[in-house]
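Student: Residues per chain are reported as follows:
Number of protein chains: 4
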Amino acid sequence: MKQVHAGIIGLGRAGQMHLKNLLTIPEIKIEQVAEVFIDNISEQLNDLGVTNQTKDYHELLSNPNIDTVFIFTSTNTHEEIVTAAAQAGKNIFCEKPLSMNTEEEASLNVLRAVKKAGVKLQIGFNRRMDPQFRNIFENVRAGKIGAPQVVKITSRDPDLLPHDLIKRIGGLLFDFTMHDFDMARYMMNSNITEVYAKGGTLIDPTLKEINDIDTLVLVLQFENGAYGLIDNSRRAVYGYDQRVEVFGSAGMLKAENVSDSTVELYNDQRTELRKPLPMFQERYRPAYIAEMKKFAQSLLNGEPLVAQGEDVIMAQRAAVAAQKSIETGLPQKVDTTLSL
Amino acid sequence: MKQVHAGIIGLGRAGQMHLKNLLTIPEIKIEQVAEVFIDNISEQLNDLGVTNQTKDYHELLSNPNIDTVFIFTSTNTHEEIVTAAAQAGKNIFCEKPLSMNTEEEASLNVLRAVKKAGVKLQIGFNRRMDPQFRNIFENVRAGKIGAPQVVKITSRDPDLLPHDLIKRIGGLLFDFTMHDFDMARYMMNSNITEVYAKGGTLIDPTLKEINDIDTLVLVLQFENGAYGLIDNSRRAVYGYDQRVEVFGSAGMLKAENVSDSTVELYNDQRTELRKPLPMFQERYRPAYIAEMKKFAQSLLNGEPLVAQGEDVIMAQRAAVAAQKSIETGLPQKVDTTLSL
Amino acid sequence: MKQVHAGIIGLGRAGQMHLKNLLTIPEIKIEQVAEVFIDNISEQLNDLGVTNQTKDYHELLSNPNIDTVFIFTSTNTHEEIVTAAAQAGKNIFCEKPLSMNTEEEASLNVLRAVKKAGVKLQIGFNRRMDPQFRNIFENVRAGKIGAPQVVKITSRDPDLLPHDLIKRIGGLLFDFTMHDFDMARYMMNSNITEVYAKGGTLIDPTLKEINDIDTLVLVLQFENGAYGLIDNSRRAVYGYDQRVEVFGSAGMLKAENVSDSTVELYNDQRTELRKPLPMFQERYRPAYIAEMKKFAQSLLNGEPLVAQGEDVIMAQRAAVAAQKSIETGLPQKVDTTLSL
Amino acid sequence: MKQVHAGIIGLGRAGQMHLKNLLTIPEIKIEQVAEVFIDNISEQLNDLGVTNQTKDYHELLSNPNIDTVFIFTSTNTHEEIVTAAAQAGKNIFCEKPLSMNTEEEASLNVLRAVKKAGVKLQIGFNRRMDPQFRNIFENVRAGKIGAPQVVKITSRDPDLLPHDLIKRIGGLLFDFTMHDFDMARYMMNSNITEVYAKGGTLIDPTLKEINDIDTLVLVLQFENGAYGLIDNSRRAVYGYDQRVEVFGSAGMLKAENVSDSTVELYNDQRTELRKPLPMFQERYRPAYIAEMKKFAQSLLNGEPLVAQGEDVIMAQRAAVAAQKSIETGLPQKVDTTLSL
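If you read the sequences in order, they're chains P, W, Y and S.
Quick note on the working numbering: the first sequence kicks off at 1 and runs consecutively.
Quick note on the working numbering: the second sequence kicks off at 1 and runs consecutively.
Quick note on the working numbering: the third sequence kicks off at 1 and runs consecutively.
Quick note on the working numbering: the fourth sequence kicks off at 1 and runs consecutively.
Mixed in with the good hints there might be a few duds.
You can't tell identical chains apart in this list, so a pair holds if it fits in one copy or across any two.
As the list claims (entries may be wrong) - The calculated lysine-lysine pairs, modelled on DSS-like cross-linking and capped at a C-alpha distance of 27 Å, are:
1. K294 to K275
2. K208 to K275
3. K333 to K2
4. K333 to K120
5. K275 to K144
6. K293 to K20
7. K324 to K55
8. K20 to K55
9. K20 to K2
10. K116 to K294
11. K294 to K20
12. K294 to K208
13. K29 to K293
Derived by calculation from the structure, the hints in this document are not laboratory data.
Start from the sequences, fold in the hints, and give me the full structure.
Tutor: Pasting the structure below:
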């Protein structure tokens, strides 16, 4: 079997989750891992059979056995590490966004480095590979609902994040809503040209201190004339609420939440169903595995990448526009032209 | 049994539906009906046992046996007939809105006439009594989802209306969305203070000729800090799509569409469920009956009215603001003060 | 409009429910009602506009304005009253069964009287007109699931009945399961040829004193080779549990329970749905109205009756066989030949 | 990490599926595999990193690095191989049943060999670990539905099996229904004391030639007084139909089928859902992995086994009784005493 020879950079909470998922994909062979705090998890990694470990990602990038790197470090390091990986000639899988900087020049510079190096870069827009949303996507593409007219996305996190984590990974718009901007554009197969956003702190007023919000509603205008509606919250007490609906001239497609069993309990009070899956780790496990498997297949067989550099730029632009819309109270145009 | 002694004005398509529903409510006795084109339906009314018929609503308003009138004529006649009914000292049930005129002074004048006459006026915001939405309303009021943060309404008609009908009853915003503005405000128990609307003709471009649209998305801001999202379409090929969701600090309530049976058909292609109910007549039949029963109980026992004059003014203001928002591309404030 | 001129005999709890339903059917005009304890409810009937009242059903049967009688008295009176009504030349709607006597000769004698009089008799197998089950029935007939192979019926009452009521209306098999035997035969369009039953008192052991049971499971063999499974209970704490499933060579049809709203409540504990409708009055209200409307249409326009005399005989035979099966522990054959 | 050192015997279709699942369980290390037709799949195994291969299971049983064997060969070899594995001192995971022989002495002899060797034996009643059914089981045990009164199992295969396969693995009762007997007993936590079965060939009459059936309905009596209903079919055109319902004094638990997405498609014809998962491989994948993980944990940490030798004997006895019931047309008692 042809295999991708992979290095993993970043084994924090997210990285460890991704590592376990990667270990179930036969097309990917983990050659080495790099993590600053490697000592804390070294033994645990040995148990998983991952014994080639380093603190220094530069060492991993110099490893000639490695052709591909998976980058799971904090957002504030993406710019530096992706650029270095490209320069080392490695194919790259990286979580969105590419940069903390809301001026997109920084992200474009990263993409230019990737382009110059001639390597492949896949962005971790995992939801594109969620079985629910993928099913909608394929049905929309197959014309099952005719011309799409409205896309609606409900995306609610189960709980507030610590302020210092937000500082490292970005606030609601740049960490969380960015996935929804990408999903909306992906479903519609059309760029976002205008954003109107309204948001505030209905849950945790202290978020204002770090210039963040916890509740957000948005109207999108697409290039093809269609509209979008998104609503976000940082705390849905019933779990991780992830739903998508696409309405078109010939019908509607709608994905409800996913729970861990279909069991119904009927008693003298009510009918009880299981709550939606509680966290992204469970809900998007199949999506995480699928996006990485697809990435491997792209590298090995030339299949298309799930999400590319321009996709993250477009999502970032929508987030920037939304930020300005909240600040000004006015809808904001989004530029759809892009050249590296 | 104490009974309301009722006259019905207007027996077009809607009026005939309401008449049949009224005939199932024992608290309401139909004393007389008035309809300009009474000859066309006279025999049919006789079959239903409704034999006291007139062409002239003034005659009905002079009938001393009648204490209450139900007005089911076209919107463009509401102003005149409601005012006359109030002056005749009759309690009034009238469909929204009170006036075709987007300047609300006309509607306020109608309400002033009602106030001066000391009669009761209930507005036909039937959806407030839909069993689905009523269940949500009661659970929200009971605190089951904590503080409401976002209300979402999906409201899609099964098909386009003829242009000349639109001219008589108002376009999408004033005929259709007005129900959603009222529902949003009802669920939130808070006034709408700002509206942002984006709409167009994705289905029938000739609607532009009569200054109407067929597709609409809206963001609402409420006085209590919460947000609202509404999306409308004139044509959902799968039926009459009427859904409401309220999200709050302690949970979410969500009403899916209603179909005529729960039967599931499993075959080698798919699992098939029944479509949503096709039209407002079927979907809102329980609501129509309930709102009129409640009106009768209000008249007979002093129970509160389901929806009053100020409710229709508030919904009209939101519709006017939405109209301006579409025209200007900017969000619009909505005044929440009201004095007659 | 052509109308059925009806008399109603029996206005106990069931009769009063039926009366209210009948009042909503324009094709049926109530000419007179008869009830032994008429004094208790006379005023209430006046309020409903039902003023022609008598204690004596013979008086009603002599009323020349009446062409049709609806019999809602206790089972133990059916034999006498149906026979008298037939002899008086009235068309008859009667609840099942026709006789308390498990020897079917008594029921056959009633049917012979009906036949001799040349009147129409419809049996109150209301579930045949339940929108859920009717939808299944029509899809089965239309061949949507190919050749039916197994029918499964779950039928559970919300709570135990008083012993003295059981004595008047029959025990589980003759009052309750009889509906399921009819439903099974109706769905399969084939006679039951063998019954195996297993039952006991898992809820109320004192039922043994009146030779009744509260829990029952059954296997049926049909003439066409197909099988049936039925399970009954007298107490489902979550409501009135009424489900039917038909499995065939090309698919499956399945009706779940019906509740009063589709609203879902999501909280930090669970997802909550509404319980199934609590009682036969609510669940089968559409079915009760539909079966009587169909009966009227049969009388007025010659449409087929919903359920006839032979249907009740066949259901009674299955009940008798089930009784013997429980007593002997052995499966029992059911005769499918019938001649009056 | 402590690990189970495993050998796998049998890599036919089922064995290959199990192998892939086993490779995702870190607690289990595959030391060697044995398969008579190893040449056909040797390269494929190498790709999976499974390089220690043999044609001869005796060689594997002599491997001192192996402490545990997983037996995935045809039923007709279980007797021999399980006995040999026990004598070799290996812990054993084996699919049900232990013997083709309907005289249970053969199976008991296998269990005696296991007992004498002092090794652990887990039976592959995988459905016990299905997330749906496990959820029901745990809720029943937790008393959520009070005293269980009726268990209902629907179990339908997607399609007929080849006759020669049936000869090797047993017919409907011994290969398929045996899972349902175990599930019924597991849910009820009570032994089956009586079985009534009715079955035939409604799909493929040629099954009679090999003394098998394709359609089956059953009534069970449990030691605790409760009842059971099972229905089986060899061909459900809509997929692999696997449902369980337990009804009790305080409520009901019900597991519907599982599909690969929750997406709903609404069009002008119907609402479409995804079909149930098509085959046992997909539907029970989580169950297969969970039962083996549990087995490893039992070996490593002393946790209880998921299903043991006596469980398979009890299921076999129910199958034997059902066979006799079909042949005689009479219910059959089942002995619940067992001593090795």
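Student: Are the hints correct? Go through all of them and say.
Tutor: Hint by hint, here is what the structure shows:
no. : hint         : in the structure
1   : K294 to K275 : between (30 Å within a copy, 25 Å between copies)
2   : K208 to K275 : neither (31 Å within a copy, 43 Å between copies)
3   : K333 to K2   : neither (46 Å within a copy, 58 Å between copies)
4   : K333 to K120 : neither (30 Å within a copy, 49 Å between copies)
5   : K275 to K144 : between (30 Å within a copy, 16 Å between copies)
6   : K293 to K20  : both (13 Å within a copy, 16 Å between copies)
7   : K324 to K55  : neither (39 Å within a copy, 60 Å between copies)
8   : K20 to K55   : within (19 Å within a copy, 33 Å between copies)
9   : K20 to K2    : both (21 Å within a copy, 18 Å between copies)
10  : K116 to K294 : within (23 Å within a copy, 51 Å between copies)
11  : K294 to K20  : both (17 Å within a copy, 19 Å between copies)
12  : K294 to K208 : neither (39 Å within a copy, 46 Å between copies)
13  : K29 to K293  : both (12 Å within a copy, 23 Å between copies)
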